[in-house]
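K.L.:
Model the placement of chain P on the given structure of chain S, informed by the hints.
First to last, the protein sequences are chains S and P.
Under my numbering, the first residue of the first sequence carries the number 260, and numbering increases by one thereafter.
Under my numbering, the first residue of the second sequence carries the number 6, and numbering increases by one thereafter.
Quick caveat, the hints were computed from the structure, so don't treat them as lab data.
Don't be surprised by glycine CBs; every beta carbon is placed ideally from N, CA and C.
Hints may contain errors.
[Unchecked claim] One side of the interface only, derived from the structure: several residues of chain P facing chain S at Cβ under 7 Å: (1) 81; (2) 89; (3) 103; (4) 131; (5) 132.
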Amino acid sequence: MQELNPVVDALIAALLLLAALFILVGALGMMRFRDFFQRLHAPTKASTLGVGGVLVASMIYSAADGRFGIHELLITLFIFITAPVSANLLAKAALHLKVPSKAGHPGKE
Amino acid sequence: MNATPDKRWLAHPVMSAMLAAGWLTLQQSVDPGNVIAAVVLALVIPRLVGGFLGAGVTLRSFAAAIRLAFIVTWDIIVSNITVAKLVLDPSRTPRPAWVRVPLDLTHPNGVALFASIITMTPGTVSCIVDEDDPHILVHALDCADAAAAARDMKARYEAPLKEIFG
Numbered sequence: 260m261q262e263l264n265p266v267v268d269a270l271i272a273a274l275l276l277l278a279a280l281f282i283l284v285g286a287l288g289m290m291r292f293r294d295f296f297q298r299l300h301a302p303t304k305a306s307t308l309g310v311g312g313v314l315v316a317s318m319i320y321s322a323a324d325g326r327f328g329i330h331e332l333l334i335t336l337f338i339f340i341t342a343p344v345s346a347n348l349l350a351k352a353a354l355h356l357k358v359p360s361k362a363g364h365p366g367k368e
Numbered sequence: 006m007n008a009t010p011d012k013r014w015l016a017h018p019v020m021s022a023m024l025a026a027g028w029l030t031l032q033q034s035v036d037p038g039n040v041i042a043a044v045v046l047a048l049v050i051p052r053l054v055g056g057f058l059g060a061g062v063t064l065r066s067f068a069a070a071i072r073l074a075f076i077v078t079w080d081i082i083v084s085n086i087t088v089a090k091l092v093l094d095p096s097r098t099p100r101p102a103w104v105r106v107p108l109d110l111t112h113p114n115g116v117a118l119f120a121s122i123i124t125m126t127p128g129t130v131s132c133i134v135d136e137d138d139p140h141i142l143v144h145a146l147d148c149a150d151a152a153a154a155a156r157d158m159k160a161r162y163e164a165p166l167k168e169i170f171g
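Bound conformation, chain S alone:
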């Protein structure tokens, strides 16, 4: 590890703080939302801009260290592949079990 340029340092810190803020908002959302389907939005929320910010910060850190952050790109890809599938399965199971929903239930024909 080497001494970082103060500007790069500040940029990384700012990105990490911003990302942490979005993850905190995601957690608050879990408490504030009123039914299962609304809470389902939280993991797809915090894990996009929150995790995205951490990954970009990590890439800049690696780049300043002289490495190309290919791992971060792979993490982004894995999140994009897995998050929608798990959300879809949770939603399907909840609809099947008729979990209470503030938006009512979608008409089933």
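P.N.:
Quick look at chain P alone, frame taken from chain S:
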């Protein structure tokens, strides 16, 4: 030995190449051991999951794919901020709604990608993808006009996907 065409080794060359490249980038080394592991993964995984894979995909328009990537990244950032405001403002109550998005897209991979994009942009989650009566049932966190939301999703994501998958 290989009775059915699905059971051929290397029936999905693109997938094999991506698996091998993915393994090597994860390890960040091209030691002989890692190369052997990458080749084994590239040969075995596509063969094991071959039965679940449909016909391959031909990318019709590379420009549309790049444009879609920018649209989706931008929408993720904007809607994250919208949702954050909704969570932090105590005077606002979310108005959840079910949105029925009819599908014009027919390619199964395109439909899967469309549903994934809807889920990854904050504020909307794809709940049911129905291929018999082609539509996606979307739960929207805060939506006053379901018809407009459905039109918006179709215009922003489905139109470029139709260009890409044909």
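K.L.:
Look at each hint and say if it fits the structure.
P.N.:
Going through the hints against the structure:
no.	hint	result
1	81	holds (5 Å)
2	89	holds (5 Å)
3	103	holds (4 Å)
4	131	holds (6 Å)
5	132	holds (4 Å)
The structure agrees with every numbered hint stated previously.
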